[in-house]
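**Q** The chain contents come next:
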Amino acid sequence: DIQLTQSPSFLSASVGDRVTITCRASQGIRSLLVWYQQEPGKAPKLLIDAASTLQSGVPSRFSGSGSGTEFTLTISSLQPEDFATYYCQQRSSYPVTFGQGTRLEIK
Amino acid sequence: EVQLVESGGNLVQPGGSLRLSCAASGFTFASSSMTWVRQAPGKGLEWVANIRYDGNEKYYVDSVKGRFTISKDDARNSLFLQMNSLRVEDTAVYYCARLCCSGANWQSTFEYWGQGTLVTVSP
Numbered sequence: 001d002i003q004l005t006q007s008p009s010f011l012s013a014s015v016g017d018r019v020t021i022t023c024r025a026s027q028g029i030r031s032l033l034v035w036y037q038q039e040p041g042k043a044p045k046l047l048i049d050a051a052s053t054l055q056s057g058v059p060s061r062f063s064g065s066g067s068g069t070e071f072t073l074t075i076s077s078l079q080p081e082d083f084a085t086y087y088c089q090q091r092s093s094y095p096v097t098f099g100q101g102t103r104l105e106i107k
Numbered sequence: 001e002v003q004l005v006e007s008g009g010n011l012v013q014p015g016g017s018l019r020l021s022c023a024a025s026g027f028t029f030a031s032s033s034m035t036w037v038r039q040a041p042g043k044g045l046e047w048v049a050n051i052r053y054d055g056n057e058k059y060y061v062d063s064v065k066g067r068f069t070i071s072k073d074d075a076r077n078s079l080f081l082q083m084n085s086l087r088v089e090d091t092a093v094y095y096c097a098r099l100c101c102s103g104a105n106w107q108s109t110f111e112y113w114g115q116g117t118l119v120t121v122s123p
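Protein chains in written order, with my numbering: chain W, 1 to 107; chain U, 1 to 123.
Incorrect hints may appear among the rest.
Said to hold, decoys possible - Below are the DSBU-like pairs computed for lysine-lysine, each with C-alpha atoms no more than 35 Å apart in a straight line:
no., chain 1, residue 1, chain 2, residue 2
1, U, Lys43, U, Lys58
2, W, Lys107, W, Lys42
3, W, Lys107, W, Lys45
4, U, Lys65, U, Lys43
5, U, Lys43, W, Lys45
6, U, Lys58, W, Lys107
7, W, Lys42, U, Lys43
8, U, Lys65, W, Lys107
9, W, Lys42, U, Lys58
10, U, Lys43, W, Lys107
11, W, Lys45, U, Lys65
If you're looking for bench data, these hints aren't it; they were derived computationally from the structure.
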């Protein structure tokens, strides 16, 4: 199984900050990496597919990059609604796996 | 508007069974591949099972193989998860989601999610 390790697991930041979350895969997955955002008590929301393809309706302050085993999700200027938990997920092979999540909180 | 509404979650004893349903609307269900993803209380996301749009391919995480069965009924625009031999560790909110993309281009990108249904397995 492909393991995904996110870092950090917890991040405290302020509105307006630029933040980066890293997702490392235990083996190469090309660009088959997806990012989701989950607010407390809600279902996950798709943000980015194929490592860097922003989904329709997702603000442009979100961006993704990477390929192979290392990927990043960057939020260029944090807004109050961005404080949530973020998950990466690989779709390269079964079983589909998720990272453990990165909880982003307001400083 | 795409809508996915899960139901069927309940409190059940270890060894028991439960059938989850997911009612879909706002898109062509027959050409859509679907998934179940679960989230234990306070924990992260765990993929459970995928079903191809035509029902001819199904995939499961090892921990549920032989116990859970994913299925879809296109006439009823519904997705199901039959869960047998339930264990305490199956306790979670279960989400259904639609995979991108329609028909033969399907892939495990979970585009639209329901709000989830809670399954609690406890003596």
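**Q** Are the hints correct? Go through all of them and say.
**A** Hint check results:
Distance check on the hinted pair: Lys43(U) and Lys58(U) sit about 25 Å apart at the alpha-carbon level, within 35 Å; holds. A threshold of 35 Å between alpha carbons decides the hint, and for Lys107(W) with Lys42(W) the separation of about 22 Å falls inside it, so the pair holds. For a cut-off of 35 Å, the pair hint linking Lys107(W) to Lys45(W) stands: about 23 Å separates their Cα positions. This hinted pair checks out: Lys65(U) and Lys43(U) have alpha carbons roughly 21 Å apart, not beyond 35 Å.
Distance restraint check for Lys43(U) and Lys45(W): the Cα-Cα separation of roughly 17 Å lies within the 35 Å cut-off, and the hinted pair is therefore satisfied. For the suggested pair Lys58(U) and Lys107(W), the alpha carbons sit about 44 Å apart, so the restraint of at most 35 Å is broken. As the CA atoms of Lys42(W) and Lys43(U) are separated by approximately 14 Å, the hinted pair is consistent with the 35 Å bound. Distance hint between Lys65(U) and Lys107(W) is unfulfilled; the C-alpha atoms sit about 43 Å from each other, more than 35 Å.
Note on Lys42(W) and Lys58(U): the hinted pairing holds, with a Cα-Cα distance of about 27 Å set against a maximum of 35 Å. Distance hint between Lys43(U) and Lys107(W) is fulfilled; the C-alpha atoms sit about 22 Å from each other, no more than 35 Å. Taken as a hint, the Lys45(W) and Lys65(U) pair is honoured in the structure, with Cα atoms around 27 Å apart against an allowance of 35 Å.
When each numbered hint is compared with the structure, violations occur for hints 6, 8.
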